[in-house]
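In case you want the letters, here they are:
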Amino acid sequence: MEVELPTEYDVIVVGTGFVECIVAAASARVGKKVLHIDKNDYYGGQWASFSLQGMEEWIEASEQQEKANETVHDVAKGERTLLTCNPMRAHTNIKRTWHIKKESEMAPAGKTSLSELRSQDETGGVSAEGSTKEPVADNDVSVDAKIPSRQESETTSTCIDLLSEMKSQDEKGDIPSGEDTKEPVPVNDESVEATVPPSEPTDKACTKEMEEVESHTEAVEVVESNAMGSIKEENSNNVPTDESKEIRCWSQESLLKQSRRFNLDLAPKLLFSRGPLVELLISSNVARYAEFKCITRVLTWVASGEDIGELVVVPCSRSDVFTTSNVSLVEKRLLMKLLEFCHNFDQHLEELEEYDNKTFIEFLKARKQTPNLIHFVTESIAMVDGNVSCKEGLEKTKLFLTSLGRYGTTPFLFSMYGCGELPQAFCRLCAVFEGTYVLRRSVSSIVLNADNACSGIISEGVCFKCSHLVMDTMYAPHQYIPVSNASTSKSISRGIFIIDRSILPNKTEQLTLLRVPVQGRNLKPVTVIEVGIGAGICPKDLYCVHMTCEGSDAEEDLRVVAERLFAVEETSVGPRVLWSLYFNQLDLSNTDTMEGVPENIHLCSGPDASLDYDTAISQAHSLFTRMFPEEQFLPRAPDPEEIVFDNAGAEPKEGDNFGSEECPKQNEERGSVDNANTTHNEEAESANYSDKEDTKNTNSGTQRNVSESEDITTTNEFNDTVAS
Amino acid sequence: MHGRLKIKTTAEQAAEKEKEREEKRKVYLGGLNKVFSKRSSETYDEEGLKITAQLLTANPDAATLWNFRREILLNMKGEDEEAWTKLLMGELTMVEHCLMKNPKSYGAWHHRCWTMKTFPTPPWAAELDLCNKYLKLDERNFHCWDYRRFITAGSEKRPEDELKISKELIERNMSNYSAWHYRSKLLPLVCPPLPNTPHPVPVDVLIKELKTVVEAVFTDPSDQSPWFFLRWLINREEKSPRLLKIGLIENEKNNFVCTYSQKVCQGYAPTITVNDEEQMNLLWFSPNGETYSNVWATKLVLPANESTKIEILRNSSDRKTIIIPAGATHLVEWVTGLEVGGEELSDLTRSTLEEVKENCVTLDELDPDNKWVLLTLVDILWALDARNYLEKIKQYLAQLQSLDPLRSSYYSDMKSKLAMETTIAHERGAAESGVVFKLSESNLTRITSSHLLACYTMVDLSSNRLTSIKPLSNLLACKELILNNNNIYDLSALSGLSALEKLHLANNWLCCQDQLKCLQGLTALVYLDISSNPVCEVAGTEAALSEILPSVQTLKVT
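Chains as they are written, first to last, in my numbering: chain U, 2 to 725; chain Z, 19 to 576.
Any given hint could turn out to be false.
To be verified - In silico BS3-like pairs for lysine-lysine, Cα to Cα no more than 30 Å straight-line: (1) Lys338(U) <-> Lys119(Z); (2) Lys541(U) <-> Lys574(Z); (3) Lys175(Z) <-> Lys338(U); (4) Lys369(U) <-> Lys389(Z); (5) Lys366(U) <-> Lys389(Z); (6) Lys508(U) <-> Lys574(Z); (7) Lys488(Z) <-> Lys375(Z); (8) Lys491(U) <-> Lys541(U); (9) Lys508(U) <-> Lys56(Z); (10) Lys410(Z) <-> Lys34(U); (11) Lys154(Z) <-> Lys56(Z); (12) Lys508(U) <-> Lys327(Z); (13) Lys375(Z) <-> Lys338(U); (14) Lys508(U) <-> Lys456(Z); (15) Lys375(Z) <-> Lys412(Z); (16) Lys338(U) <-> Lys456(Z); (17) Lys226(Z) <-> Lys185(Z); (18) Lys369(U) <-> Lys37(Z); (19) Lys541(U) <-> Lys151(Z); (20) Lys185(Z) <-> Lys229(Z); (21) Lys366(U) <-> Lys26(Z); (22) Lys226(Z) <-> Lys338(U); (23) Lys56(Z) <-> Lys369(U); (24) Lys389(Z) <-> Lys338(U); (25) Lys369(U) <-> Lys151(Z); (26) Lys399(U) <-> Lys410(Z); (27) Lys338(U) <-> Lys37(Z); (28) Lys56(Z) <-> Lys37(Z); (29) Lys508(U) <-> Lys37(Z); (30) Lys226(Z) <-> Lys281(Z); (31) Lys508(U) <-> Lys410(Z); (32) Lys154(Z) <-> Lys26(Z); (33) Lys508(U) <-> Lys389(Z); (34) Lys366(U) <-> Lys182(Z); (35) Lys399(U) <-> Lys389(Z); (36) Lys338(U) <-> Lys229(Z).
No wet-lab data here; the hints were simulated from the structure.
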């Protein structure tokens with residue numbers, strides 16, 4: 002049902018990227034009337050997080066070059082229009098690869114290969130779960146997968162694994178499970194021999210297995226019948242609770258089946274615990290809408306000469322330095338002394354005068370730091386090139402150190418369920434203060450008046466008036482921003498990898514930051530973030546690795562690091578890549594706009610290559626100050642108990658939408674509810690909010706439990722801080 | 019528009035808060051009155067439990083309410099064990115609510131202990147989890163540490179597991195002094211030291227622990243927690259007293275003196291045979307008549323004009339024989355070494371200490387002027403070879419005095435102790451030992467090891483900074499005592515030195531005649547020098563003193 006939107010606003014925000022969301026929230030917070038609009042059906046724009054399926058759809062969408070040839074809208078006399086651009090242009094060189102097979106492609110297992118797998122299993126290698134052939138014919142859930150032949154040969158793994166999820170805890174690792182009474186007879190007789198379980202299941206585990214087979218079959222049917230590839234929410238019983246250390250075999254289908262357990266970031270970033278974003282979240286009370294996990298370790302790659310080197314944990318906190326075995330006794334003291342000095346370096350400026358014109362490395366050497374320590378300090382703590390000025394190195398080190406220990410033993414926080422949650426947190430604040438949200442609505446052009454000021458926008462034939470227009474740079478008319486292509490503009494190379502074990506396994510799950518220095522064949526420092534189920538990013542036993550560096554050819558830029566971190570060949574140790582995605586993203590954060598941009602159009606850049614959100618925060622702040630110089634930027638939002646509703650208890654009216662466009666990516670049942678072009682106010686907002694919570698609790702029940710038992714203090718503490 | 023948002027003003031909120039507080043106050047006081055009337059009427063019922071629970075959750079420090087609660091519970095206890103257990107489980111939950119309110123409430127922790135003790139079969143395991151939780155919230159909550167010890171004792175949890183936990187806590191935060199301390203208590207239980215070794219734990223464990231703690235001190239040498247642990251580790255102490263020295267001294271009649279490394283009681287005195295004849299009914303006495311003393315003496319009648327064999331027997335393995343030549347009146351012999359445990363350092367201990375020393379020297383270079391580094395160096399050098407490192411140790415102590423002026427006297431005392439110990443050790447090796455002990459002009463502020471001076475006939479501690487001479491009561495054999503140029507004013511320690519003939523007290527702090535009265539019992543005293551004391555300025559002192567001390571023939575007042 003269509004609702005007439007009001008057509009006049011103080012601020013119209015186009016695009017739901019992070020900067021836009023902050024500005025929208027800040028404007029609504031001080032009482033401005035805000036319309037926030039996005040052509041996508043998800044929040045976040047270039048900052049979004051997707052389920053695996055959602056990411057596949059994003060890839061597909063970005064390949065379709067939309068033609069924006071909308072009919073020209075009549076405008077008042079003296080006014081003219083400028084066409085907006087497709088924001089998808091930000092991303093180029095998109096290359097997604099499945100490194101595992103579809104079930105339909107999987108060769109039935111022969112006896113030879115099975116026994117090979119068994120022997121591998123005995124030595125702690127890959128284990129066979131059973132091998133049956135699924136008769137899934139046109140189950141095409143993947144977009145044109147440009148799998149190079151190399152990968153094809155790589156994935157000659159013979160086991161499939163729709164059934165692998167059914168393995169019961171009671172079973173020993175070397176007995177292949179797989180109940181196939183309902184399945185077609187496998188093609189290969191030998192494999193029947195190998196896989197047929199005891200003919201009469203006697204124990205409970207087997208019975209349960211049978212039931213699960215049934216539910217699985219249903220699930221498969223759904224997949225088949227749904228052209229869009231939507232997959233029903235999985236029965237949580239099917240989630241393997243197996244504690245064994247076996248490495249599962251995955252198929253494309255089994256991964257997609259767990260699609261909603263993935264939250265893959267387009268722009269993964271971390272928060273410094275005392276950085277501007279954390280302070281803003283606290284001071285604005287937006288933190289109530291966000292949850293975080295501490296990064297639990299900082300890794301670096303120590304290599305020398307031809308030696309391929311190894312990953313080591315960087316000692317950054319005092320207890321790390323105490324317990325680490327990676328530095329010698331004397332180094333411990335030297336490192337602690339240095340860190341203590343850096344933490345308060347501005348109180349010892351007189352000692353630093355002699356280093357005014359010297360590099361950070363020279364300073365470190367003068368402080369008797371060993372090469373080992375210099376590596377740790379420059380590459381992982383300051384995260385700079387050693388040849389930067391001493392002052393810059395010290396400042397970066399101090400930034401790291403001051404954030405230590407606030408919430409955890411590293412200085413960093415990662416947003417639970419992906420970084421795409423952060424823009425949404427600000428959207429919620431905006432909505433509570435009566436901001437209007439419209440997704441899936443494109444903006445065809447902007448309207449300029451005779452004085453070259455923006456008077457509004459045209460969206461789907463309707464003209465909306467505004468005093469200020471805030472806009473994602475990528476939407477902006479090409480007259481305003483000189484976007485060419487990745488090779489000439491500044492660009493970021495990104496890689497996303499789903500892998501089957503951690504890059505450095507540990508007995509408890511870790512959230513990892515690794516900065517791979519320029520070394521040997523690696524020509525650019527690459528930021529690597531590894532997150533898993535603990536942060537609500539992946540299903541159990543899987544990890545997601547994000548790589549980011551500056552560059553114009555993602556696959557080439559990240560190749561060396563990927564080869565080092567992951568098992569390239571079937572036989573090599575290390576995590577196997579199941580799915581990978583490379584893309585480049587234009588970085589316009591330092592690009593000046595062209596002349597002639599109206600004063601009241603405010604362009605927001607997408608994510609930059611840096612690790613944190615500092616650029617975005619300062620951009621949002623300065624945009625807001627430019628728009629409303631008299632107003633306070635995001636004063637503390639009231640807690641629920643401080644809020645009274647003028648007509649509390651009012652019945653929701655027809656047209657109030659309680660649907661879930663609030664977080665469309667959670668709503669995978671697309672097409673069932675057409676939630677485009679609807680508005681919602683604060684009541685709908687709060688309803689949605691609780692919806693969302695519910696969704697998450699069911700969606701990721703196991704994830705939540707894990708996080709609660711493991712690291713709930715982080716989020717609690719955070720909330721406490723906010724509450725106080 | 020509906021549901022318009024309005025934010026309450028601060029004034030509105032403050033008013034609401036005040037109203038809430040008022041309500042709470044009313045409810046609390048009402049509950050309190052009700053409970054007290056119940057208690058005075060000895061009504062022990064469910065309602066009483068309920069109200070006290072509410073009141074205590076709001077204010078867990080009300081001891082009277084806890085007492086009343088226990089009275090109710092004990093009155094409600096019936097034959098049904100299951101019901102009783104259930105009731106007590108409820109107590110644990112209730113106490114936990116109180117602890118959330120105040121994790122350091124004496125009353126709540128006490129009630130928890132009481133509940134656990136009252137249980138027919140206490141749920142120990144769950145309580146350890148509670149301890150873990152509270153120690154995570156506040157790692158130095160001593161209530162919780164106490165409770166943890168109570169639980170581990172009750173549950174008979176293996177100290178090995180607790181040791182592991184102490185390590186985890188230390189690794190999480192090396193400033194957790196409580197965890198280090200806990201570790202020092204657990205280690206000797208898990209790895210008991212060999213008997214007759216002075217180390218707190220076996221040497222292999224010691225080396226392993228040292229490695230960890232040295233890493234801690236290198237990480238942060240200014241944190242005192244690991245230093246305490248380190249000093250505990252390298253400290254050596256005697257587990258049982260040893261007989262150090264025996265001697266025959268001439269004091270009125272022959273006195274036989276035994277000197278022990280620790281204070282012992284009378285019963286510890288050995289059996290003595292003289293010419294293979296066991297001496298029965300020996301009357302052992304300590305200087306000043308203390309029950310526990312390092313020095314025990316007894317009168318021994320020896321045959322005249324012939325050499326005598328005296329055998330000292332403590333137990334079958336511990337015997338010592340000395341031959342006293344005819345007519346000898348003074349003879350002293352060492353029984354065991356002065357070193358801790360009576361033995362030289364083993365090679366392993368020595369190399370371990372050397373390593374710690376090297377580490378500390380390195381640390382001193384990296385972080386000069388760190389108190390803990392210097393103090394530990396003093397300890398180690400002292401243990402390794404105090405004589406050889408004397409100057410170095412003195413230098414460190416002087417450095418410590420300037421770094422840590424608040425404890426300057428403590429370091430002075432250490433210097434005194436060092437001087438005393440090295441002089442005694444030196445004396446021991448000297449040929450003419452056991453007669454004259456001289457340690458003057460050494461800035462002594464304190465007298466240590468005085469029991470080892472018991473057999474000297476002349477002791478010279480002049481020109482020091484002594485104020486207290488209490489330990490000198492051990493000088494049973496002393497005939498001449500030189501204490502000139504000190505700050506002494508209290509002579510009571512000398513009152514039992516019946517052998518004393520000459521006493522030099524020139525230039526001290528004696529200021530009135532009464533202070534000299536305690537010398538009255540010294541019948542052998544013939545020479546007393548109290549010149550340059552304030553008391554000399556007092557008119558009539560000389561006359562008064564000749565009256566008080568008639569035996570004194572030479573009295574030097576000026």
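Comparing the hints with the structure gives:
1. Lys338(U) <-> Lys119(Z): 40 Å, violated
2. Lys541(U) <-> Lys574(Z): 95 Å, violated
3. Lys175(Z) <-> Lys338(U): 40 Å, violated
4. Lys369(U) <-> Lys389(Z): 23 Å, holds
5. Lys366(U) <-> Lys389(Z): 27 Å, holds
6. Lys508(U) <-> Lys574(Z): 83 Å, violated
7. Lys488(Z) <-> Lys375(Z): 35 Å, violated
8. Lys491(U) <-> Lys541(U): 37 Å, violated
9. Lys508(U) <-> Lys56(Z): Violated, at roughly 56 Å.
10. Lys410(Z) <-> Lys34(U): Violated, because 79 Å separates the two Cα atoms, which is more than 30 Å.
11. Lys154(Z) <-> Lys56(Z): 39 Å, violated
12. Lys508(U) <-> Lys327(Z): 72 Å, violated
13. Lys375(Z) <-> Lys338(U): Distance of about 21 Å is within 30 Å: holds.
14. Lys508(U) <-> Lys456(Z): 66 Å, violated
15. Lys375(Z) <-> Lys412(Z): Cα-Cα ~16 Å, so holds.
16. Lys338(U) <-> Lys456(Z): Measuring from Cα to Cα gives roughly 48 Å; hence the hint is violated.
17. Lys226(Z) <-> Lys185(Z): 13 Å, holds
18. Lys369(U) <-> Lys37(Z): Roughly 64 Å separates the two Cα atoms, so the pair is violated.
19. Lys541(U) <-> Lys151(Z): Given that 30 Å is the threshold and the Cα spacing comes to 27 Å, the pair holds.
20. Lys185(Z) <-> Lys229(Z): 13 Å, holds
21. Lys366(U) <-> Lys26(Z): This hinted pair is violated, its Cα atoms lying about 58 Å apart.
22. Lys226(Z) <-> Lys338(U): 25 Å, holds
23. Lys56(Z) <-> Lys369(U): 74 Å, violated
24. Lys389(Z) <-> Lys338(U): 17 Å, holds
25. Lys369(U) <-> Lys151(Z): Distance ~42 Å between Lys369(U) and Lys151(Z) Cα, so the pair is violated.
26. Lys399(U) <-> Lys410(Z): Roughly 40 Å separates the two Cα atoms, so the pair is violated.
27. Lys338(U) <-> Lys37(Z): 54 Å, violated
28. Lys56(Z) <-> Lys37(Z): Roughly 29 Å between the alpha carbons, so the hint for Lys56(Z) and Lys37(Z) holds.
29. Lys508(U) <-> Lys37(Z): 52 Å, violated
30. Lys226(Z) <-> Lys281(Z): 33 Å, violated
31. Lys508(U) <-> Lys410(Z): Violated, because 49 Å separates the two Cα atoms, which is more than 30 Å.
32. Lys154(Z) <-> Lys26(Z): Given that 30 Å is the threshold and the Cα spacing comes to 37 Å, the pair is violated.
33. Lys508(U) <-> Lys389(Z): It is violated: about 39 Å lies between the C-alpha atoms, which goes past 30 Å.
34. Lys366(U) <-> Lys182(Z): 39 Å, violated
35. Lys399(U) <-> Lys389(Z): 28 Å, holds
36. Lys338(U) <-> Lys229(Z): Roughly 20 Å separates the two Cα atoms, so the pair holds.
When the structure is compared with the earlier hints, violations turn up for hints 1, 2, 3, 6, 7, 8, 9, 10, 11, 12, 14, 16, 18, 21, 23, 25, 26, 27, 29, 30, 31, 32, 33 and 34 and for no others.
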